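Engineer: Below, each chain spelled out in residue letters.
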Amino acid sequence: MTTLLIGAFLLSLLVITAVAIVRATDLFSAVMLSGIFSLLMALNFFLLDAADVALTEAAVGAGVATVLLLAGLRLTPPTEARGRSLRVLTPAVIAAVALLMIYASFGQPSLGDPQAPAQQHVAPWYIEKTPELVDIPNIVTAVLASYRGFDTLGEVFVVLTAGIGVMFLLGGGRGKPFSRLDSNVEEGLSRHLIPKVMARLLVPFILLFALFIQFHGEYSPGGGFQAGAIFVAGIILFSLVRGERLTLAVIPPRVLLWMSAGGALLYGAVGLAGIAMGGNFLDYSVLADDPITGQHIGIIVIELGVGLTVTGVLLSIFHAFAARD
Amino acid sequence: MNLADHLPALQVAVPLLTAPLVILLRAGFLAWLTALVASLASLGLAILLTVAVLETGTQEYYVGGWEPPYGIALSVDGLSALVLLLITGASSLALAGGRQSLRLDIDNRRAPMFYGAWLIAMAGLCGIAVTGDAFNVFVFMEISSLATYILIAAGRDRRALSAVFKYLIIGTIGATFYLIGVGFIYMMTGTLNFADMALRLDDVIETRPVIIAAGFITIGLALKAAIFPLHIWLPRAYTYAPNAVTVFIAACSTKVAIYVLLRFNFTVFHGNLLGHSDLFSVFIIPLALSGILLASAIAIYQGNVKKMLAFSSVAQIGYIALAAGLASQAGLMAALLHMFNHALAKGTLFLCVLAFILTSRSAIITDLHGIGRRMPWTMAAFVLAGLSLIGVPGTAGFISKWYLIVAVMEVPGWGVPLVMAIIASSLMAVVYLWKFIEAAYYGEPPPGGDTAALEVTLPLRALIWVAALSNVYFGLFPQLPLALAQSGTGTLLGGLN
Amino acid sequence: MKLLGLFNYWVFAVLLMIGLFALISRQNLIKKIMALAIFQSAVFLFFITMSKIENGTAPIIQAGVDNQIFSNPLPQVLILTAIVVGISTTALGLAIAVRLYEEYGTIEDNEILALDRSA
Amino acid sequence: MGANSLPIILLVPLLGAIGIALTGRWPNVRETISLVTALALAVLVFSWFPEVLDGARPRFTLSEPLPGLSLALSLEPLGMMFACIASFLWIINTIYSIGYMRSNNEKHQTRFYICFALAIAAAMGIALSDNLFTLFLFYEILTLSTYPLVAHKGDPKTIASARVYLGILIGTSIGLLLPAIIWTYVATGTTTFTLGGIIQGNVPGPAVGLLLGLFVFGIGKAAVMPVHRWLPAAMVAPTPVSALLHAVAVVKAGVFCVTKIIIYIFGVDFLFSQPSAQWLQYIAAFTIISASIVALYQTNLKRMLAYSTIAQLSYVIMATVILKPLAEIGAAVHIAAHAFGKITLFFAAGAIYTAAHKTELWQLAGIGRRMPITMAAFTIGALSMIGVPPTAGFVSKWFILAGAFQAENYLAIFTIIASTALNAMYFLPIVYFAWLAPDAPDVDMNHGEAPAAILLALGVTATLTIVFFFFNQPLLDLEGQLVQSLPL
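Residue numbers (my numbering), protein chains in the order written: chain A, 51 to 375; chain B, 208 to 704; chain C, 117 to 235; chain D, 55 to 542.
Hints are computed from structural coordinates only; laboratory data are not their basis.
Heads up, none of these hints are tricks.
Some residues of chain C that are not near chain B, with every Cβ distance over 10 Å (derived):
no., residue
1, G121
2, V130
3, S141
4, N171
5, G180
6, D182
7, Q184
Here chain A is said to cover these stretches of chain C; the calculated rule only asks that three of the stretch's residues, wherever they fall, bring their Cβ under 8 Å from a Cβ of chain A:
no., segment
8, 156-170
9, 191-200
10, 205-217
A quick note: this is a predicted structure, and the numbers were derived from the prediction, not measured.
Idealized CB from N, CA, C, for every residue including glycine.
Isolated chain A (complex conformation):
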């Protein structure tokens, strides 16, 4: 009951934040509010026993998305023009649909109902069979990487596509060279003592945490995607403090491109290896003599592929935005 009430409170906050985002004319405030929105959402997910999703939403929604929006805002005007005309029809239709959906909700199973059809059919099978078939503690990772590995392959390619798109449109990869790198102005906050020291202390821990998330995803919440996002957060912090030039010297764009493509290829190669070794596409059981060992190898390798691609793509995207004048 208490959880429910806390949940209701957080949800109300969510709605208020959403309204505030829509109403804010200052886009910087709107970006900050949307970061808060994502954090609130992540809290909600946590309350709803979805640890993996909460972690991802926090890393992606509050972290990466905010950084990207800020990077985008740096290149576009910071305030929204007002004075649009609003017809009565739009709000009316939208309110009607919302009411309709609320009306429909009365036919839905209520929150947490263990008898709901969604809890019956496929889900119990995963919970029951995972120890026996895949044998890793985190069932979410098992479903993500093995049972529905094809979806996750697709997910990696969605990320790669976004990277290709941003690099195609804004330069990066082998496309347009990063124009800003030629100048010497870019030194970040390296003249300011406190951020510099803080960052020097923090960055190694962030990167270490990312590696933990990467390789511990089978046991606790996390996996390649979250790890990639956190790793990228660390690097971005580094580049804020030490300047982008140094960052790019450490990890040049070509390496990022190879990481992005290589991760996706690694994932695909595991799939093809399944075929080559007599199983189906993305069948990990055939990768080793013992099916369970095979599953473990498969999951570790594809998670690595996911991590590589996500890191490569997100950093490329960040650099592409940052390098644009």
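We have chain A already, so just place chains B, C and D on it with the hints.
Structural biologist: Frame of chain A; chains B, C and D shown alone:
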């Protein structure tokens, strides 16, 4: 290891996994060549799959070795095979014919990214066609959409960017609506597999969430399929995309959305929701009819030949939607056939337009005056494909229009008005096509225009003619699309019997 | 209690419509991208709500603890994918918005439309 | 010859078109190919004549895209006759075209010959069509392939007229003919031409009239009022094209289609028993009389001939809907008779234009003295139009009139007599002025006869118009087979 057993997975994997290799290449030409080879390989796979489907029926494949509903199952029937042929054929045609045109649109350094996106778009569309899992459809839909946005944004006109932004917003809304619908169905059935869903929905028919789900899925996919009046993204996206991209997406991308629409509405809802087919008809037929008539009328007033053909596409999508909305055996046959035949005709038409623009550097009809005299071969192919679009006998377009008219004649009371609407729209197609053809043959070239330009290179001309003649071939010997459509209709209506 | 159990779904509906409303009514492209994110987040909430089971925990098996009730892992997996799709869309949308600003000098949709029309 | 060689009839002109396209740079080679193709086609077509006369009905199916809907060719008496006329007149028209196009220095001659060959191929397809689907296909090809011919000059006025031509023909065919075919298919399950018809018992009585209307007005090429507007519009074309339209292929294809559909789809007997189908003869009668009256008021020679054609076409329609055996024979024979007469008239008009650049009637006064051969041929053609013996026109009119008496159809009798009088009223004054009147003032009279190729062509057709009067038995025998089953 027998690769023939893995065709459904390879159909997606081959283009998808070639894409990362392509983006690592340095030279535009190599990237193009690799993409073309991968595309042709996919076409080969699609042909092999089609043969397999026609010989042994639906091809099932369990990704990862997990059987459905726990894992993701791929399932290829006649309808999927038809769509696969369209996707891979259109992509190969556009890549093969679009080399020169794309070299003008995209500079060499960015070309590897572009061709990578192209392959991902194609793989995504193939993925939608082969999968038997509702959420997997969403993933591939997003892959293909994101990649398609990139392809369209590569257009040289700055309006390509504003067009693609609108497409991105509407496309995401459509996909999200679809996801909501899938969520509601999952909520009531606990499964994501199409076949399993159809079985388990039986227990929960007529509950509010399922009806809401049908609404969300239908509207979301109608957005993606550009069914009138949800088509607002389409004309500008088609017009300002690079010409070769228009050839590709005009031939197949909306068809794939319609494919999912049919799959959901017929295999999942049709047998389970009482009166669903009536509701579906009541929703879709008026929209389809207004699309058929209004979009054709708008097409007449376009000054840009690409935009004209884009509005014509909206009208043709209306035909497909109308035929599907009849929810009858004959109607579905007509819809599936028209998907195939319209892709043939539109692909050829846009390929001809690509050739015109290659020589005259403009898509504005007044700039293209007299182009038919300078490019007689390409123009003749345009006329041929135009006839197929109108539905003249002997061309592929006639076959589907014939089925469509026979199907609407079965509708009690409404047969004659519907036939009249179809005929009126066909006549409007004559008008807008003829407006261009007449200007191309007899118009005075614009003063100062480049009148020295002559025909495009022989290989491109040959390709255009292969495409044009396929319109005639499938008009005289439509056994292949008929067999696939028949098999597809069988699986779609299987839920009824 | 029953009503409180449906509260999550109501919030889902309201958030979804707030997002849709902003998408239609706001002209600023960056704002539209944020609205799209709200719109998609609503769906995430919807799915995760579905996965919750009373007295359950996150679906991670802990050694030595038996008879645990786990929340449904499947919707969580779907939403992990959906979140990734969402951020990818945001990134691509932002890149297009930046390019639009470079080409048109504005990121207000109606002004871009006016510039297109006058061209 | 086996039925498998039927498609060769279509292939010959197609190959000719390709040959013409490839040799476009060398006019002499190009025109030789044209002529050789025409000759080859005629020989091929005529070689079938004896077999068909002996009752052979060869049939060949090319493909069957949909069940009951096939692309098939067959030969039967009516089609045999049309194929013979079209292929034979093509030879003469080619000779004439060579003379005309060269003398007038027309542009785009290669395109002209290609489209001409395509049009002939389409006409052959119509003649040989075994079912409505095949008929419709070639009907559309004929329309499209003649469009560039009509629009030959390419100036805005010509384009506008060509647009009317195409608009009416495509519009009626898609808007009316196609629904009629689909209706027939849905009602009967077939579209194959069958002696005795396929409609009987499948379409309710009152609807038969409606279906007939869809067919008759859908076949715009038959130029039944009010869908006749395209024919005068098409007069902008060069004269050989007018000859093609009026005599060789297009309008002939129109009335041929109507006749074929009435005989093989509706069935003569069945239609005779349907009161709802009677309206057609009123329309035909109206078209005959009003077109003749309009022709009376024309001042341009080619326009006058165009309206004369409209009237003559409805003769065929009217003869067909008298629905008596003699009249059916008359209808078929009139297709041939009118073809010979009208092509002669157009050749003459073209000869006058080529030699003297005259197009208006008042300019023709006294021209017979300078162009005696041309005007002699013109006179023969005019007499055939009126129906005066010994010309072809008399033969067909005789049969039609006999059929009308057989049916006791006084409307038809009256119409034929009245129109004969009207024909005389607008043709005879021209003949009189050309030979006997003094030269027209303010007109350049310093010209002689047209080039030899033109004279040769019109000489041949004029002679044939007379020969047909004496030597028509094979054709009558052939068409007699159409009505064998009917009580005489």
